[in-house]
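Undergrad: These are the residues of each chain, in order.
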Amino acid sequence: MNRITIWIVAIIVVISAGFFGWYQPKMRAQEDAASAALAAEQAAAEAAAEAEAAALAEANMIKIGIILGFTGPLESITPAMGAGAEMAIAEVNAAGTLLGGSAVTAIRADSTCIDAAAATAAAERLVTSDGVHAIMGADCSGVTGAILQNVARPNGIVMISPSATSPGLSTAEDDGLFFRTAPSDARQGVVMTQILMDRGINVVALTYTNNDYGKGLADSFEAAFIEAGGTVTISAAHEDGKADYSAEVGALASAGGEVLVVAGYTDQGGKGIIQASLDSGAFDTFVLPDGMVGQQLVDDIGDALNGSFGQFPGTDSQGAEMFQAMATEAGFDGTGAFAPESYDAAALIMLSMAAAGSSASADIKDHVMDVANAPGEEIFPGELAKAIEILAAGGDIDYVGATAVELIGAGESAGNYREIEIGDGAINTVRFR
Amino acid sequence: MDFLNGLVAFLNFVFVPGLAYGAQLAIGALGVTLIYGILRFSNFAHGDTMAFGTMVTIAFTYLFQNLGLSLGPLPTALLALPFGIAGTALLLLGTDRLIYKFYRQQKAAPVILVIVSMGVMFVMNGIVRFLIGTEDRSFLDGERFIISARAFKEMTGLQEGLAIRTSQGLTVLTAVVVVALLFWFLNKTRTGKSMRAFSDNEDLALLSGINPERVVMVTWLIVACLATIAGVLYGLDKSFKPFTYFQLLLPIFASAIVGGLGNPLGAIAGGFVIAFSEVTITYAWKKVLGYWLPESLAPDSLVQLMSTDYKFAVSFAILIIVLLFRPTGLFKGQSV
Chain A
232 MNRITIWIVA IIVVISAGFF GWYQPKMRAQ EDAASAALAA EQAAAEAAAE AEAAALAEAN
292 MIKIGIILGF TGPLESITPA MGAGAEMAIA EVNAAGTLLG GSAVTAIRAD STCIDAAAAT
352 AAAERLVTSD GVHAIMGADC SGVTGAILQN VARPNGIVMI SPSATSPGLS TAEDDGLFFR
412 TAPSDARQGV VMTQILMDRG INVVALTYTN NDYGKGLADS FEAAFIEAGG TVTISAAHED
472 GKADYSAEVG ALASAGGEVL VVAGYTDQGG KGIIQASLDS GAFDTFVLPD GMVGQQLVDD
532 IGDALNGSFG QFPGTDSQGA EMFQAMATEA GFDGTGAFAP ESYDAAALIM LSMAAAGSSA
592 SADIKDHVMD VANAPGEEIF PGELAKAIEI LAAGGDIDYV GATAVELIGA GESAGNYREI
652 EIGDGAINTV RFR
Chain B
1337 MDFLNGLVAF LNFVFVPGLA YGAQLAIGAL GVTLIYGILR FSNFAHGDTM AFGTMVTIAF
1397 TYLFQNLGLS LGPLPTALLA LPFGIAGTAL LLLGTDRLIY KFYRQQKAAP VILVIVSMGV
1457 MFVMNGIVRF LIGTEDRSFL DGERFIISAR AFKEMTGLQE GLAIRTSQGL TVLTAVVVVA
1517 LLFWFLNKTR TGKSMRAFSD NEDLALLSGI NPERVVMVTW LIVACLATIA GVLYGLDKSF
1577 KPFTYFQLLL PIFASAIVGG LGNPLGAIAG GFVIAFSEVT ITYAWKKVLG YWLPESLAPD
1637 SLVQLMSTDY KFAVSFAILI IVLLFRPTGL FKGQSV
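Respectively, the protein sequence lines represent chains A and B.
Each residue of the first sequence is one higher than the one before, starting from 232 at the first, in the numbering used here.
Each residue of the second sequence is one higher than the one before, starting from 1337 at the first, in the numbering used here.
Worth flagging that the hints you see were computed from the coordinates, not collected in a lab.
Treat the hints with care, since some could be wrong.
What the hints assert, rightly or not - Listed below are the simulated SDA-like cross-link pairs for lysine to any residue, each with C-alpha atoms no more than 25 Å apart in a straight line:
1. B:LYS1489 with A:ILE532
2. B:LYS1489 with A:THR516
3. B:LYS1489 with A:ALA535
Please model the entire structure based on the sequences and the hints provided.
TA: Shown next as structure tokens:
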């Protein structure tokens, strides 16, 4: 018995040594993250204090609900999105000129990204209990549609989503209340087609992750590509998180094509398919839509990914850089996905209020498109005070913002994309579309 | 020449990946089947046991990489594997002491043990995620290919390439060695024989003086070996992600049941049946037939029996058919 105890203790010691070796680099990374988080917290506290002071000064209150998935699959990017929207609100409050000096308050709520019932309840609370005048959100396409139908339309509240990209939302019944500063994936399908055609590629194989995003993007791309005269040899779904992708790669290789379009995720089935395709020599070049563009993928796969190309939302407008600078100053990551779109969504809500001369959703819904599009004076991030002044004087503005906003169709961003190509282990920008 | 091209395409996209995947499933299913045969319950925590063993192995792989140790062309993980097995053995023996032993003494019905193993599964799930995180990790180093598609094309002058990864070669080789060792152990050694006796008839085994606690301990030790080896081989071949290991449970159970639960030979056969049914039935034969048939008969369509969406449906359809006609599985196992 004694001998067994000694053996067990010995094995435990050896194993803890192993974990120590593995945790050392991790601990250092955590320390860095902790100090960064501390700085961000301080900045947030300062911003909150400012907002509070402003609120006390003014009796006339405008409330904007910010409903994003602060818990759930998007919990890593929503903090920067919320901070982006609140930065626009703080900017307007600092100017103090909106609707004769009304203060704007942001009220956060959790959309969870995936639970439509929870998102609807949270939005209902924003509207009925907090009495928000408009909603900035939601983030994921599914919950956005649910809130639009169950809360926004019955209550007549304007919604501007920074990140819902499903093509289905373009045709949803919205009573003119729904807008988005993110482009529809239908647009990405067209951009991807243009990129392929410009490179002289006419025959592709296509695989997509089996969910709303993957299926929506694959369908819109296939339609656009065939219309442009291209051929899609096969369109095969893959499930994320599965054990083996040999069957999918076998079918894709057999169907053939000059390149393989992978509408998936960098750390899920998309990566598995690319790795297996490269290993078996099925495809050498891959087309990567927004969900597949990430440095992690480039690092994991290595040199073999060189020459692959793709696109993700981005713009070369000077507004993007101005926004980055403002975000850094405010203490959050301005390069975070959809953070600039969030700033623009909140700014559009407030500028429409200025244009309508009212904070009621019924009045502002007709002014969103006017404010966002030409004609008028171009407005960049940090110039919201100037914009309110022009609007108050009866002038016209063309809000450009952080993402070169241009609303088309049923009130969605026309969509600017950054075409990229992988080379030497880095993601290089080719041009903007 | 065309015939060879077609053959190589078939080998490259169907046979080699199927063989490696089948070997991984087979080793996993061996663990499940041993527990079912000797401890008499379906262990739902097996996928997460594999994840735990792989996690410990990864920790040591990183440690060795930091120390500059390596096996040259072979992955460093092989060096770390014994430590992974030791860690898993500790975990499994500890779980047995703390949890399963209590129910064994109560002579609890197998269905209760199954539910208990589900509880253990969720706890292990949490431990693994807590220690290593949820993200995807690749820990393969050394030479990636035994032969790459490009090298094969240059060597043979064929249009089609044949790629064999180091991890695939290792998987098949290890599977053969592990299976041979296991059968030698079960059939030739005294402990192995006592385990089989215990599995066949518990009361008779007790009467002939076999110590049940010792049999249980040895079983868990073997399961720890099998689970860690299966997990590490799978992780080397694809990548490590706790969620994927959890999902592996389904094909592994399907393999064990198709082969006949409790029968080690059946587990191996089942692993290959499930792997090849996933890969072959949904394969698009266009390319292979394009080589094999005369040009006038070459197909325009994909010649795909059904879309790859259905690959899981196929393996479970096979499972149901087997159970309908041979309730004890392909090889004579215990009925479910």
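Undergrad: Each of the hints needs a verdict: does it hold here or not?
TA: Status of each hint after checking the structure:
1. B:LYS1489 with A:ILE532: Since the Cα atoms of LYS1489 of chain B and ILE532 of chain A sit roughly 22 Å apart, the hinted pair holds (cutoff 25 Å).
2. B:LYS1489 with A:THR516: holds, 18 Å
3. B:LYS1489 with A:ALA535: holds, 18 Å
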